[in-house]
Amino acid sequence: MLKGKTVVVGVCGGIAAYKVCELVSRLKKAAADVYVVMTKHATEFVAPLTFETLSGNRVVSDMFDRDFPWEVEHISLAKKADLFILAPCTANVMAKYACGIADDFLTTTLLAAKCPVLIAPAMNCAMLAAEATVHNMEVLERRGSIFIDSQSGRLACGDVGSGRMAEPEQIFGKAVEILCPKRDFTGKTVLITAGATREPIDPVRFISNRSGGKMGMALCRAVKRRGGKVILVAGITDVSVCGCDELINVQTTEQMHEAVMANLDKCDVVIKAAAPADYRSVFQSEKIKSESFTLKMKKNPDIAKAVGERKGDKRLVIFCAETSNLKENARKKLADKNADMVVANDVTAKGAGFDCDTNIVTVITPKKETDYPIMSKADVAEIILDELSAL
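Here the sequence shown is numbered in my numbering, starting from 1 and rising by one per residue.
These are computed hints drawn from the structure, not numbers from a lab. Each hint should be verified, as a subset may be incorrect.
[Unchecked claim] Cross-link-like lysine to aspartate or glutamate pairs, in silico, DMTMM-like; alpha carbons within 20 Å at most: (1) Lys377 <-> Asp357; (2) Lys314 <-> Glu328; (3) Lys5 <-> Asp33; (4) Lys29 <-> Asp202; (5) Lys188 <-> Glu369; (6) Lys287 <-> Asp340; (7) Lys299 <-> Glu309; (8) Lys5 <-> Asp82; (9) Lys311 <-> Glu258; (10) Lys229 <-> Asp202; (11) Lys80 <-> Asp104; (12) Lys298 <-> Asp265; (13) Lys29 <-> Glu44.
Go ahead and model the full structure; you've got the sequences and the hints to work with.
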């Protein structure tokens, strides 16, 4: 499966290092040429000999080790690599990589690598949620690094929460996906909407919703990996914009409607992952100071319906976030908007909807419906594109 591919596995100092033995074994059985680089701290958890036996190659952990044929080895290894995997990736190594610090063999090799980098974070839940770590992840993601989400559960420190390294089989699957990518969107342009819109009430206040744009950004990255061009119409987002060829920033639903319709003829697929406000307030030019007041609301343009009426042979994917009667409402929306697919999710379910990195969706087309378990929004994006390709 991976014959002719070279994979460098960077093992950092965390208890999950023992799981990487299985990952290296899977990569080797798939015929990849595997090289393991360890930090000094990592060697306290797993002996280098274990990885040498599994990979068939010498493990390097010392920057000044001279027990090898002469070459500038970290540069040589960086040039060989088709994929660099950091597993487990500690907060420390992640911070170094984000800041360009290269003070050991692993970080110097990593910084010199030009290949895709797959990062499997593993750390205490408080460290994972720390502002610095979140910032570093956003920086690396913007530069093109690919993250595989950590899992929730009991951690080595005794805390319960997110921070467990993804299982080796998941990391292996993502590695195969990167090394043997689908290119089924080559030659296609996909218009994606993401985030929330804001409808001003007065010069100070506005109406909005909790959409942060994570699903839309995951779709952008997935389309780009699969060879497509992306036009992103972005409302208000909580995450950095990345993975698009053309960016159009908007604030209101009317602005989003105008941007989508103006670019409709340029695209082959429209994916409506944004959460535009259905109504807007009658704007008050002065700040409202009354003890109480009544808002007068107007209906905003229905962007999905407008696209459905004009799409011709284009594909239209819409989202349906509900709190009850999920499938019934989703099927009705699919028909009413003349869409080709609706991605439905119950925002009251734990691990689904806004403010989280995971989702639980049902994908409905005119011919079938499929329920999916909880998974990362990155994986949901891949499923959406797979379903689109199958239509």
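Given hint Glu44 paired with Lys29 - CA-CA distance at most 20 Å: violated (26 Å)
Mind checking the alpha carbons of Lys5 and Asp82 for me, to see if they're no more than 20 Å apart? It holds: about 6 Å lies between the C-alpha atoms, which stays within 20 Å.
Under the criterion that the straight-line Cα-Cα distance not exceed 20 Å, is the pair Lys188, Glu369 satisfied? violated (25 Å)
What's the verdict on Lys5 and Asp33, does the C-alpha distance respect the 20 Å limit or exceed it? Holds - the C-alpha atoms of Asp33 and Lys5 are around 6 Å apart, at most 20 Å.
Taking 20 Å as the top limit, are the C-alpha atoms of Lys287 and Asp340 close enough? Roughly 43 Å between the alpha carbons, so the hint for Lys287 and Asp340 is violated.
Assess, step by step, whether the Cα of Lys298 is no farther than 20 Å from the Cα of Asp265, and give holds or violated. violated (28 Å)
Under the criterion that the straight-line Cα-Cα distance not exceed 20 Å, is the pair Lys311, Glu258 satisfied? Cα-Cα ~15 Å, so holds.
Does the alpha-carbon distance linking Lys29 and Asp202 stay inside the 20 Å limit? Distance of about 63 Å is beyond 20 Å: violated.
Verify the proposed pairing of Lys314 with Glu328, using a straight-line Cα cut of 20 Å. With Cα atoms ~25 Å apart, Lys314 and Glu328 exceed 20 Å; violated.
Does Asp104 lie within 20 Å of Lys80 when you go C-alpha to C-alpha? holds (19 Å)
Is Lys229 close enough to Asp202, meaning Cα to Cα at most 20 Å? violated (38 Å)
Given hint Asp357 paired with Lys377 - CA-CA distance at most 20 Å: Roughly 6 Å separates the two Cα atoms, so the pair holds.
Comparing the model with each numbered hint stated earlier shows that hints 2, 4, 5, 6, 10, 12, 13 do not hold.
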